[in-house]
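Go ahead and model the full structure; you've got the sequences and the hints to work with.
Number of protein chains: 2
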Amino acid sequence: MTDTPAFDIGSLHTAYAGGWPASNMIETLFERIAAIADPGIFLHLADRQDLLEQVAGLGSFDPTAKPLWGIPFAVKDNIDVAGMPTTAACPDYAYLPDRDATVVRLLKDAGAIVIGKTNLDQFATGLVGMRSPYPIPRNAIDPSLVPGGSSSGSAVATAHGIVSFALGTDTAGSGRIPAGLNNIVGLKPSVGALSTTGVIPACRTLDCVSIFALTAADAWSVFSVAARHDPSDAYSKSVPATGHGPLPPVLKIGVPARHDRHFFGDDAMETAYAAALDRLVELGHTLVDVPFDDFYATANLLYEGAWVAERYAAVKDFFNASEASFHPVTRKIYGAAKTLTAADAFNGLYALQALKQKVAPLIASVDLFCVPTAPRHYTTAELAAEPIRENSRLGTYTNFVNLLDMCGIAVPTGTRSDGLPASVTLLAASGKDGMTAALAARIHQASGLTLGATGWPQPPARPTADISAPGIDLVVVG
Amino acid sequence: MTDTPAFDIGSLHTAYAGGWPASNMIETLFERIAAIADPGIFLHLADRQDLLEQVAGLGSFDPTAKPLWGIPFAVKDNIDVAGMPTTAACPDYAYLPDRDATVVRLLKDAGAIVIGKTNLDQFATGLVGMRSPYPIPRNAIDPSLVPGGSSSGSAVATAHGIVSFALGTDTAGSGRIPAGLNNIVGLKPSVGALSTTGVIPACRTLDCVSIFALTAADAWSVFSVAARHDPSDAYSKSVPATGHGPLPPVLKIGVPARHDRHFFGDDAMETAYAAALDRLVELGHTLVDVPFDDFYATANLLYEGAWVAERYAAVKDFFNASEASFHPVTRKIYGAAKTLTAADAFNGLYALQALKQKVAPLIASVDLFCVPTAPRHYTTAELAAEPIRENSRLGTYTNFVNLLDMCGIAVPTGTRSDGLPASVTLLAASGKDGMTAALAARIHQASGLTLGATGWPQPPARPTADISAPGIDLVVVG
Numbered sequence: 144m145t146d147t148p149a150f151d152i153g154s155l156h157t158a159y160a161g162g163w164p165a166s167n168m169i170e171t172l173f174e175r176i177a178a179i180a181d182p183g184i185f186l187h188l189a190d191r192q193d194l195l196e197q198v199a200g201l202g203s204f205d206p207t208a209k210p211l212w213g214i215p216f217a218v219k220d221n222i223d224v225a226g227m228p229t230t231a232a233c234p235d236y237a238y239l240p241d242r243d244a245t246v247v248r249l250l251k252d253a254g255a256i257v258i259g260k261t262n263l264d265q266f267a268t269g270l271v272g273m274r275s276p277y278p279i280p281r282n283a284i285d286p287s288l289v290p291g292g293s294s295s296g297s298a299v300a301t302a303h304g305i306v307s308f309a310l311g312t313d314t315a316g317s318g319r320i321p322a323g324l325n326n327i328v329g330l331k332p333s334v335g336a337l338s339t340t341g342v343i344p345a346c347r348t349l350d351c352v353s354i355f356a357l358t359a360a361d362a363w364s365v366f367s368v369a370a371r372h373d374p375s376d377a378y379s380k381s382v383p384a385t386g387h388g389p390l391p392p393v394l395k396i397g398v399p400a401r402h403d404r405h406f407f408g409d410d411a412m413e414t415a416y417a418a419a420l421d422r423l424v425e426l427g428h429t430l431v432d433v434p435f436d437d438f439y440a441t442a443n444l445l446y447e448g449a450w451v452a453e454r455y456a457a458v459k460d461f462f463n464a465s466e467a468s469f470h471p472v473t474r475k476i477y478g479a480a481k482t483l484t485a486a487d488a489f490n491g492l493y494a495l496q497a498l499k500q501k502v503a504p505l506i507a508s509v510d511l512f513c514v515p516t517a518p519r520h521y522t523t524a525e526l527a528a529e530p531i532r533e534n535s536r537l538g539t540y541t542n543f544v545n546l547l548d549m550c551g552i553a554v555p556t557g558t559r560s561d562g563l564p565a566s567v568t569l570l571a572a573s574g575k576d577g578m579t580a581a582l583a584a585r586i587h588q589a590s591g592l593t594l595g596a597t598g599w600p601q602p603p604a605r606p607t608a609d610i611s612a613p614g615i616d617l618v619v620v621g
Numbered sequence: 144m145t146d147t148p149a150f151d152i153g154s155l156h157t158a159y160a161g162g163w164p165a166s167n168m169i170e171t172l173f174e175r176i177a178a179i180a181d182p183g184i185f186l187h188l189a190d191r192q193d194l195l196e197q198v199a200g201l202g203s204f205d206p207t208a209k210p211l212w213g214i215p216f217a218v219k220d221n222i223d224v225a226g227m228p229t230t231a232a233c234p235d236y237a238y239l240p241d242r243d244a245t246v247v248r249l250l251k252d253a254g255a256i257v258i259g260k261t262n263l264d265q266f267a268t269g270l271v272g273m274r275s276p277y278p279i280p281r282n283a284i285d286p287s288l289v290p291g292g293s294s295s296g297s298a299v300a301t302a303h304g305i306v307s308f309a310l311g312t313d314t315a316g317s318g319r320i321p322a323g324l325n326n327i328v329g330l331k332p333s334v335g336a337l338s339t340t341g342v343i344p345a346c347r348t349l350d351c352v353s354i355f356a357l358t359a360a361d362a363w364s365v366f367s368v369a370a371r372h373d374p375s376d377a378y379s380k381s382v383p384a385t386g387h388g389p390l391p392p393v394l395k396i397g398v399p400a401r402h403d404r405h406f407f408g409d410d411a412m413e414t415a416y417a418a419a420l421d422r423l424v425e426l427g428h429t430l431v432d433v434p435f436d437d438f439y440a441t442a443n444l445l446y447e448g449a450w451v452a453e454r455y456a457a458v459k460d461f462f463n464a465s466e467a468s469f470h471p472v473t474r475k476i477y478g479a480a481k482t483l484t485a486a487d488a489f490n491g492l493y494a495l496q497a498l499k500q501k502v503a504p505l506i507a508s509v510d511l512f513c514v515p516t517a518p519r520h521y522t523t524a525e526l527a528a529e530p531i532r533e534n535s536r537l538g539t540y541t542n543f544v545n546l547l548d549m550c551g552i553a554v555p556t557g558t559r560s561d562g563l564p565a566s567v568t569l570l571a572a573s574g575k576d577g578m579t580a581a582l583a584a585r586i587h588q589a590s591g592l593t594l595g596a597t598g599w600p601q602p603p604a605r606p607t608a609d610i611s612a613p614g615i616d617l618v619v620v621g
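Line by line, the protein sequences give chains A and H.
Using this note's numbering, the first residue of the first sequence is number 144, and each one after it goes up by one.
Using this note's numbering, the first residue of the second sequence is number 144, and each one after it goes up by one.
Heads up, some of the hints might be wrong.
A pair counts as met if it fits within one copy or between any two copies, since identical chains are not told apart.
To be verified - DSSO-like cross-link-like pairs, simulated, lysine-lysine; straight-line CA separation at most 30 Å: (1) K501 / K459; (2) K251 / K380; (3) K501 / K251; (4) K481 / K395; (5) K395 / K209; (6) K380 / K395; (7) K459 / K499; (8) K251 / K209; (9) K481 / K499.
Just so you know, these hints were derived from the structure itself, not from any lab.
Dropping the structure here:
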């Protein structure tokens with residue numbers, strides 16, 4: 144028998160290979176849930192006996208046939224898992240799906256085990272994790288802080304090592320902000336890379352399923368399994384999931400020009416970001432100051448007009464019938480969209496198109512960008528006092544990303560002088576998921592940080608081939 | 144001195160090279176306008192003296208420096224020409240622009256001469272050419288027939304050889320239908336290939352500037368000059384304008400499956416289409432029956448909901464202030480869009496996205512498609528009796544094209560037993576403008592037809608290099 148392993152994928156697989164039974168993983172997991180005693184994380188937990196039967200049904204350990212063999216994961220409660228209620232954190236909206244969302248099915252097929260459904264900002268609208276009628280998940284590092292959202296429960300469950308990874312969704316930053324605030328990795332794939340079939344829409348034109356994990360290599364392993372073109376999702380796209388080839392020794396990394404960096408008074412975050420950039424230079428890369436005003440102008444579109452109307456459109460009949468079922472903040476946001484016209488929607492699309500054309504040369508001018516994940520930490524008290532303004536500030540470096548069809552990955556970079564986690568997000572053009580994940584792995588390794596809130600050391604670096612597989616050369620004859 | 148030449152570009156340039164003065168072109172053109180005596184074609188004509196000064200200002204004949212040296216063209220009156228009123232066929236909307244639309248400027252810079260502004264279906268909404276408060280342009284082949292629209296005046300001016308080419312716009316088929324009904328070529332570029340800066344929008348997300356010409360080679364010459372990326376147009380795209388390389392000897396050409404071919408009782412059109420397909424087989428190409436139901440489902444979106452709202456959005460303030468200024472049919476269509484919500488707009492976008500995903504494999508399965516340009520001819524009396532239904536039927540093979548981001552070119556194929564013109568449209572994925580133009584040139588040459596309504600023989604085939612220049616190999620590393 145082995146000691147209880149850390150729950151990152153490599154450590155669990157090493158333990159399984161050494162004879163540690165997967166049933167022990169289930170028992171450990173329930174012990175951990177009990178020890179953490181946060182009633183805000185899960186909105187539904189799988190039955191222990193069911194889980195033990197599932198791991199028994201996996202057969203003998205075979206990570207080649209099933210790359211996620213015996214790996215426990217949690218699913219944000221706006222993503223369907225057959226036989227578990229989907230609530231979107233709105234109890235009156237709840238339904239019991241009889242089919243898995245496409246991504247859940249792919250992960251199960253690869254041997255992963257769904258542990259439960261996690262709390263969220265209602266209908267995935269918010270970056271704070273506090274817009275839920277259920278108990279608010281506690282930030283895994285410091286319970287006085289907001290956990291971040293909307294994928295709050297998934298991030299906190301991962302940070303505590305209850306699960307190896309968790310699925311979130313990300314429209315405005317919901318897969319990155321809570322990763323940054325809980326010292327874990329948050330991979331926000333290129334728009335369309337992961338199917339949204341079986342996911343309750345926020346903005347269908349922008350929604351991404353995202354992955355929280357303890358390491359970048361783990362996030363990439365999950366991405367490699369889940370990124371499949373899905374004909375049942377009109378916005379599904381084929382995105383390379385085989386890796387990007389070796390990282391160039393010198394990457395050209397865009398950073399917001401000095402006057403475009405905003406930390407809203409959090410000096411420790413500013414210092415941490417500067418240190419993270421220094422680390423990139425130490426790793427041999429080149430930083431380029433880029434004006435960010437057009438990125439911020441794009442971000443502003445997300446909560447003005449067209450895309451708020453898109454959120455409303457997704458639940459229109461339910462909202463019109465049951466407005467009182469909504470969280471007060473969510474209700475206020477959605478209600479403002481009711482009177483928007485089709486002309487307003489098109490005017491929003493035109494404004495976005497104009498900005499896309501303006502920033503395209505900036506995006507093309509660098510290999511990737513490195514931005515702070517969140518501009519600052521907030522206490523739950525601060526958020527309660529200013530629920531909309533501070534939510535909006537949290538999205539400074541995230542809101543524009545899906546509108547511009549970029550991919551991103553949030554990665555821990557260090558511990559601030561006050562003990563709170565620091566994080567950057569690497570952003571790049573659609574399809575560069577592999578490159579950003581590979582650099583995130585380097586940054587995380589260089590940080591020497593422990594994983595989430597667990598105290599577990601980082602596992603040995605896996606062969607970079609896991610992320611950095613040979614690229615595919617496409618020859619297009621114009 | 145040379146005899147009065149035909150006005151196709153090659154014949155005019157040959158005449159200029161032989162010493163025929165460009166001032167004679169201006170005189171000839173005014174004589175021709177007088178002889179044709181159709182008050183519906185032009186809404187504004189340039190001043191003769193001004194035109195004579197313009198051609199004098201071109202300097203000596205130099206088709207290398209100015210590939211359109213001394214070539215007369217007309218401009219649909221929803222496209223700005225500095226110093227000429229823009230009306231969109233709505234007199235109360237008229238304004239006097241002080242700048243040329245980008246495409247007009249590029250063509251002028253290449254030596255082309257603007258003769259005047261042409262009539263259209265008001266605000267480019269319609270495929271008939273009869274929705275104008277001005278006299279209706281007469282079909283150049285048979286005045287009892289509708290001229291087609293919305294670019295009616297531009298097509299008729301070209302068919303009579305008053306100009307060498309004319310600019311139209313095409314959202315639903317306005318650059319193809321009138322070409323088909325007037326025995327000329329209508330090149331509808333890939334969406335974004337020609338700038339729409341200085342063009343009154345119909346549906347900004349779909350609008351194309353289009354080119355009417357007497358031959359496919361002429362249309363291509365104009366395209367080569369006009370297709371430039373324009374940073375001032377958010378929807379501008381870089382599209383290859385240098386040709387597509389030699390045409391493969393065997394092209395795989397998709398055609399609507401038999402039960403998806405609709406001619407609405409016009410047997411002569413059905414026969415003509417079959418003959419055109421036989422000609423393609425004789426030329427060595429392979430025909431593939433393709434189910435067209437999803438293309439038709441896409442077409443239906445264009446006049447249901449979202450995109451009608453987009454037309455309304457383009458002139459919202461004017462419509463709300465001056466509804467009575469609109470043509471009765473146009474007013475009815477636009478008025479229906481006033482109550483559409485942002486949710487309706489997004490639902491339309493989702494429906495389109497789902498259809499795009501369904502037809503993508505069909506589009507990828509062939510080199511190009513060959514469809515009838517219009518399903519039938521209509522008399523003006525028939526259209527007056529059923530102004531909306533018959534307009535909609537005219538768009539059977541055109542309405543889906545811009546929604547699916549395809550390019551197209553309408554080309555004459557023969558004369559029907561009743562003496563009326565027959566035409567097919569070649570359609571392909573965005574960026575294949577060169578390939579479709581090259582095949583259109585072959586089809587037109589093989590038809591042996593005279594040009595438009597002029598009786599002029601086709602000029603000698605120009606070196607195919609004009610259209611078939613070497614392609615550009617793009618290497619994309621995934």
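Now the hints, each set against the structure:
1. K501 / K459: between (33 Å within a copy, 26 Å between copies)
2. K251 / K380: Classified as within: same-chain Cα gap 21 Å, cross-chain 42 Å, threshold 30 Å.
3. K501 / K251: between (42 Å within a copy, 27 Å between copies)
4. K481 / K395: Answer is neither: 44 Å inside a copy and 49 Å across each miss the 30 Å cutoff.
5. K395 / K209: neither (37 Å within a copy, 42 Å between copies)
6. K380 / K395: both (27 Å within a copy, 26 Å between copies)
7. K459 / K499: both (29 Å within a copy, 25 Å between copies)
8. K251 / K209: For K251 and K209, the Cα distance is within 30 Å only inside one copy (9 Å; across copies 65 Å).
9. K481 / K499: Both ways: K481 and K499 sit 27 Å apart in one copy and 28 Å across, limit 30 Å.
Hints 4 and 5 from the earlier list are contradicted by this structure; the remaining hints agree with it.
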